[in-house]
Amino acid sequence: MEQKNENQWDGKRPDPITQTKEGWYEKLLARVPLTVKSLNIIIAILFLLLVAALVIGTLKGNGIL
Amino acid sequence: MLEYVLEMKGVCKYFPGVKALDMAEMHLRPGTVHALMGENGAGKSTLMKCLFGVYKMDEGEIIYNGEQVKIENPFDALQKGIAMVHQELQPIPERSIAENIYCGRYPETKILGLIRTVNHKKMYEQTGALLKSLGLNFDPKAKLGSLSVSQMQLVEIAKAVSANAKIVIMDEPTSSLTRNEVDTLFSIIHRLKESGCSIIYISHKMEEILQISDEVTIMRDGKYIGTWTSKELTTDLIITRMVGRELTNLYPKRENVPGDVILQVEDFTSIHPKSFRDVNFDLRKGEILGVSGLVGAQRTELMEGIFGLRASERGTITYLGKKLRITRPKAAIENGIALLTEDRRGSGIFGVLSVADNVSIASLQQYLNFHIMLNDKKIAQLVKDNVKKLSIKTPSIKTQIMSLSGGNQQKVIISRWLANDPDVLIMDEPTRGIDVGAKYEIYCIIAELAKQGKSIIMISSEMPELIGMADRIMVMCDGRVTGFVDGEQMNQETIMELATRFAS
Amino acid sequence: MREKQSFGNFLLNNAMIIFMIGAAIVVGLLRPTFFSMYNFKNLISNTAVRFIIAVGVSGCLITKGTDLSAGRTVGLAACIAATFMQAADYTSKVYPNLGELPMLMVLLGVIFVSVLVGLLNGLVIALLNVPPFIATLGMQTIVYGACLVFTGAQPIGGLRKDYTNLSSGSIFNIQMLPYLGLFALIIGVIMWFVYNKTPHGKYMYAIGGNENSAEVSGINTVKTKLMIYMTAGLMYGIAGFLLGAKSGGASVNMGMGYELEAIAGCTIGGVSTNGGVGRISGILIGVLVFELLKIAMQFMGVETSYTYIVQGIVIIIAVALDIRKYVAKR
Numbered sequence: 001m002e003q004k005n006e007n008q009w010d011g012k013r014p015d016p017i018t019q020t021k022e023g024w025y026e027k028l029l030a031r032v033p034l035t036v037k038s039l040n041i042i043i044a045i046l047f048l049l050l051v052a053a054l055v056i057g058t059l060k061g062n063g064i065l
Numbered sequence: 001m002l003e004y005v006l007e008m009k010g011v012c013k014y015f016p017g018v019k020a021l022d023m024a025e026m027h028l029r030p031g032t033v034h035a036l037m038g039e040n041g042a043g044k045s046t047l048m049k050c051l052f053g054v055y056k057m058d059e060g061e062i063i064y065n066g067e068q069v070k071i072e073n074p075f076d077a078l079q080k081g082i083a084m085v086h087q088e089l090q091p092i093p094e095r096s097i098a099e100n101i102y103c104g105r106y107p108e109t110k111i112l113g114l115i116r117t118v119n120h121k122k123m124y125e126q127t128g129a130l131l132k133s134l135g136l137n138f139d140p141k142a143k144l145g146s147l148s149v150s151q152m153q154l155v156e157i158a159k160a161v162s163a164n165a166k167i168v169i170m171d172e173p174t175s176s177l178t179r180n181e182v183d184t185l186f187s188i189i190h191r192l193k194e195s196g197c198s199i200i201y202i203s204h205k206m207e208e209i210l211q212i213s214d215e216v217t218i219m220r221d222g223k224y225i226g227t228w229t230s231k232e233l234t235t236d237l238i239i240t241r242m243v244g245r246e247l248t249n250l251y252p253k254r255e256n257v258p259g260d261v262i263l264q265v266e267d268f269t270s271i272h273p274k275s276f277r278d279v280n281f282d283l284r285k286g287e288i289l290g291v292s293g294l295v296g297a298q299r300t301e302l303m304e305g306i307f308g309l310r311a312s313e314r315g316t317i318t319y320l321g322k323k324l325r326i327t328r329p330k331a332a333i334e335n336g337i338a339l340l341t342e343d344r345r346g347s348g349i350f351g352v353l354s355v356a357d358n359v360s361i362a363s364l365q366q367y368l369n370f371h372i373m374l375n376d377k378k379i380a381q382l383v384k385d386n387v388k389k390l391s392i393k394t395p396s397i398k399t400q401i402m403s404l405s406g407g408n409q410q411k412v413i414i415s416r417w418l419a420n421d422p423d424v425l426i427m428d429e430p431t432r433g434i435d436v437g438a439k440y441e442i443y444c445i446i447a448e449l450a451k452q453g454k455s456i457i458m459i460s461s462e463m464p465e466l467i468g469m470a471d472r473i474m475v476m477c478d479g480r481v482t483g484f485v486d487g488e489q490m491n492q493e494t495i496m497e498l499a500t501r502f503a504s
Numbered sequence: 001m002r003e004k005q006s007f008g009n010f011l012l013n014n015a016m017i018i019f020m021i022g023a024a025i026v027v028g029l030l031r032p033t034f035f036s037m038y039n040f041k042n043l044i045s046n047t048a049v050r051f052i053i054a055v056g057v058s059g060c061l062i063t064k065g066t067d068l069s070a071g072r073t074v075g076l077a078a079c080i081a082a083t084f085m086q087a088a089d090y091t092s093k094v095y096p097n098l099g100e101l102p103m104l105m106v107l108l109g110v111i112f113v114s115v116l117v118g119l120l121n122g123l124v125i126a127l128l129n130v131p132p133f134i135a136t137l138g139m140q141t142i143v144y145g146a147c148l149v150f151t152g153a154q155p156i157g158g159l160r161k162d163y164t165n166l167s168s169g170s171i172f173n174i175q176m177l178p179y180l181g182l183f184a185l186i187i188g189v190i191m192w193f194v195y196n197k198t199p200h201g202k203y204m205y206a207i208g209g210n211e212n213s214a215e216v217s218g219i220n221t222v223k224t225k226l227m228i229y230m231t232a233g234l235m236y237g238i239a240g241f242l243l244g245a246k247s248g249g250a251s252v253n254m255g256m257g258y259e260l261e262a263i264a265g266c267t268i269g270g271v272s273t274n275g276g277v278g279r280i281s282g283i284l285i286g287v288l289v290f291e292l293l294k295i296a297m298q299f300m301g302v303e304t305s306y307t308y309i310v311q312g313i314v315i316i317i318a319v320a321l322d323i324r325k326y327v328a329k330r
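Order-wise, the sequence lines are chains A, B and C. 1 is the number of the first residue of the first sequence in the numbering used here; add one for each residue after it. 1 is the number of the first residue of the second sequence in the numbering used here; add one for each residue after it. 1 is the number of the first residue of the third sequence in the numbering used here; add one for each residue after it.
Chain A extracted, bound-state conformation:
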């Protein structure tokens, strides 16, 4: 079989000798030191920013600010 096959199938399989698989989104997520708690806080802050942006934007747009 020609070398072409190597790219097509072997490139995606773990190298047979060292068994290291390519990086994965999940593995990345697992390494990211996020907990549900900190994400909840981040999301809450984002919502506050959102409301703030809406309010300020409305006031500015209507010439009040």
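These are calculated hints, taken from the structure and not from any lab test. Treat the hints with care, as some may be off.
Estimated spans, in silico, between C-beta atoms of each pair [claimed, not checked]:
{"id": "1", "chain 1": "B", "residue 1": "Asn-73", "chain 2": "C", "residue 2": "Gly-22", "range": "55 to 61 angstroms"}
{"id": "2", "chain 1": "B", "residue 1": "Glu-72", "chain 2": "C", "residue 2": "Phe-10", "range": "25 to 31 angstroms"}
{"id": "3", "chain 1": "B", "residue 1": "Pro-107", "chain 2": "A", "residue 2": "Asn-40", "range": "35 to 41 angstroms"}
{"id": "4", "chain 1": "A", "residue 1": "Lys-37", "chain 2": "B", "residue 2": "Lys-9", "range": "56 to 62 angstroms"}
{"id": "5", "chain 1": "C", "residue 1": "Gly-22", "chain 2": "B", "residue 2": "Cys-103", "range": "44 to 50 angstroms"}
{"id": "6", "chain 1": "C", "residue 1": "Leu-148", "chain 2": "B", "residue 2": "Lys-141", "range": "49 to 55 angstroms"}
{"id": "7", "chain 1": "C", "residue 1": "Phe-10", "chain 2": "B", "residue 2": "Asp-58", "range": "18 to 24 angstroms"}
{"id": "8", "chain 1": "B", "residue 1": "Asn-491", "chain 2": "C", "residue 2": "Pro-131", "range": "50 to 56 angstroms"}
{"id": "9", "chain 1": "A", "residue 1": "Ile-41", "chain 2": "B", "residue 2": "Gly-226", "range": "40 to 46 angstroms"}
{"id": "10", "chain 1": "C", "residue 1": "Gly-22", "chain 2": "B", "residue 2": "Lys-393", "range": "41 to 47 angstroms"}
Listed below are the simulated DSS-like cross-link pairs for lysine-lysine, each with C-alpha atoms no more than 30 angstroms apart in a straight line [as the list claims (entries may be wrong)]:
{"id": "11", "chain 1": "B", "residue 1": "Lys-393", "chain 2": "C", "residue 2": "Lys-197"}
{"id": "12", "chain 1": "A", "residue 1": "Lys-60", "chain 2": "C", "residue 2": "Lys-223"}
{"id": "13", "chain 1": "B", "residue 1": "Lys-377", "chain 2": "C", "residue 2": "Lys-197"}
{"id": "14", "chain 1": "A", "residue 1": "Lys-37", "chain 2": "B", "residue 2": "Lys-56"}
{"id": "15", "chain 1": "B", "residue 1": "Lys-323", "chain 2": "C", "residue 2": "Lys-197"}
{"id": "16", "chain 1": "B", "residue 1": "Lys-231", "chain 2": "B", "residue 2": "Lys-9"}
One-sided excerpt, in silico: chain B residues whose CB lies under 7 angstroms from chain C [what the hints assert, rightly or not]:
{"id": "17", "residue": "Gly-66"}
{"id": "18", "residue": "Pro-252"}
{"id": "19", "residue": "Lys-330"}
{"id": "20", "residue": "Ile-333"}
{"id": "21", "residue": "Gly-336"}
{"id": "22", "residue": "Ser-347"}
{"id": "23", "residue": "Phe-350"}
{"id": "24", "residue": "Val-352"}
{"id": "25", "residue": "Ile-361"}
{"id": "26", "residue": "Leu-364"}
{"id": "27", "residue": "Gln-366"}
{"id": "28", "residue": "Met-373"}
{"id": "29", "residue": "Leu-374"}
{"id": "30", "residue": "Gly-468"}
For each residue, glycine too, the CB sits at the ideal point set by N, CA and C.
We have chain A already, so just place chains B and C on it with the hints.
The following block gives chains B and C in isolation, referenced to the frame of chain A:
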């Protein structure tokens, strides 16, 4: 001197829909090796992850050196002197061994008293000393990726030791090690014991446990069953307590009668020089061919090559007299070959999809109306039939497969392949990560399939399993087939000799 | 304790949708004229076009990819459509000697180009294994360049009445049922069928769920991915064609940044960044609610720069909520 260096009491941990730990306990005496045993799902890894700060306990307390402590995260655990060697390696192969060992806590110096830099000299020196003290002959500057899998596991253990831990948790440390390396590991453990370290050892391998540990704690269904000294235990006693009932026969009676040769593999060689080469074997109808060998023997790679997942440089596969050209899995499937992969989670199941989708995904072409539309009713019927036939425990066929237990997931994948009515089923470690009770069910399925005339190739790292289930065993070492054993020769010594013939 | 958890989780998982509907209600309370036929028709028209684009991108997202060239491709499609749909008597007609071409022919021509773009994306991603982010980012620039060349950086106007009527007209002249809504509905139904009732759809979810498992199961991942990116191209072509009709003209600036909103609509609607998950109904709701927010902000006179900030924060929250679902498995 305290009676226990570590105690965990009343530990409870909930996950969505599941109570993983139910008033679990653990009592570790200082300077001992304490084994933690139980079926998969018994809670051993979960309990240790609570200790190491990976999980938060919902209830319970940890008493360390006589004082109650809270462990917030792995860094905190390491600070307190608790280290863990994980089951799944997370190596960085492109970096040096020293960098991997000191990952995240590199020895530093300050240039001009201001700029923090890594002190490479110190790192290599310390690593060298550490490896030497453990009897490991590696060059600290060498790339981690240049080592074999088993050697990488030893480095992982060295990493835990380097943290000057008082308690070292080892989760299935010998899963990738050769016989020699297991001995090296045991001598490392002895050295640790002598220096006052206590070790918690999680493993399935009962003989090892009885050899290395002082005490054994057994868990079942998240509960604490009891602790015994290893002297008072035997393999049978352990199994009984792990399962909660007596198991008279571990393997079912086999009634299959191997017939004529249906598959011949000749001169099969990989494009990778260190992988499988010059492989020759035959497979008969209704036969169960076991494949044995150490980790790194390239058994999985060989079967993946036959199935079309890996490229081969030369070789022929002849099926019922017809030479097959298999360049991709689809070709193998169309010729009646199926492959149950080793890594269920990585290349077997579709975790986010339903049981129904997982069963039907490889046979969708059979259920088309007007060649374009899927007939949901027919698919549902197929899935329900399989659930019944293989006794798959699931709330419904629409349940996400990832919430099923390992054994049930495996059954789903088996039914996926059976839907295409294959003649040859290659099964790579079919009972890995499955509890004793479910293992027996899978053995029965395999025996029944063989009886029906299907040919099974079974790769396994558990020799008792192969000896109990196979008609014949092919042994591989370093990519080459070293021999076949059957009948009287099917014993651990002969197989081991063949498996280590070329081992470095 | 279990009951309370799932209600709380439901709130969080659908937080964006709930918030935006809430915001619309607040606006309606402050100024009741918000609930007008004009705004409603606007909402349907905008949503229709954006929905089609989002459906195109969704296939890429579900297979753990992305398509950053969506916006520019829509723009190119709109420019090509507008160029060949100019009124015969228009003074600055691009091709003065060309008579009035049949609309269907122009549509097919536009689709040909957009599908070609999708095919190129697919080839680079599926065959050469280039990460979709990089591949489509490059394509984005190429398409923009092509559009510049094609239009000579000149805006295109003076479109035929039968063309613009596609956008302004409605079924039996009932204001509540604009043609655009009908087109979007038809596409939605067809794509729902493809996603749920065909093997191709199942393969798509399988690849997104676990590409390794998909390969082992014999799925032709290359072929499936090519189809997905080409279908995306098809969607962009249709959307661009309709957009030209809607805007009464086209220019090289059209479509800029549309992919970001499409991805936002998908994410709000439940398409996961982790792949393997996503429903047509969810995408419709996500896009609808996002458009609703835009209209509400415009109605309330929110300063333009702030509308961008708001949209950006919404996108980030949607992704954060999505990631949270996976971190929650600890």
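In ascending order, which of the hints set out earlier in this document are inconsistent with the structure?
The structure conflicts with hints 1, 4, 12, 15, 17, 18, 21, 27, 30, although it agrees with all the remaining ones.
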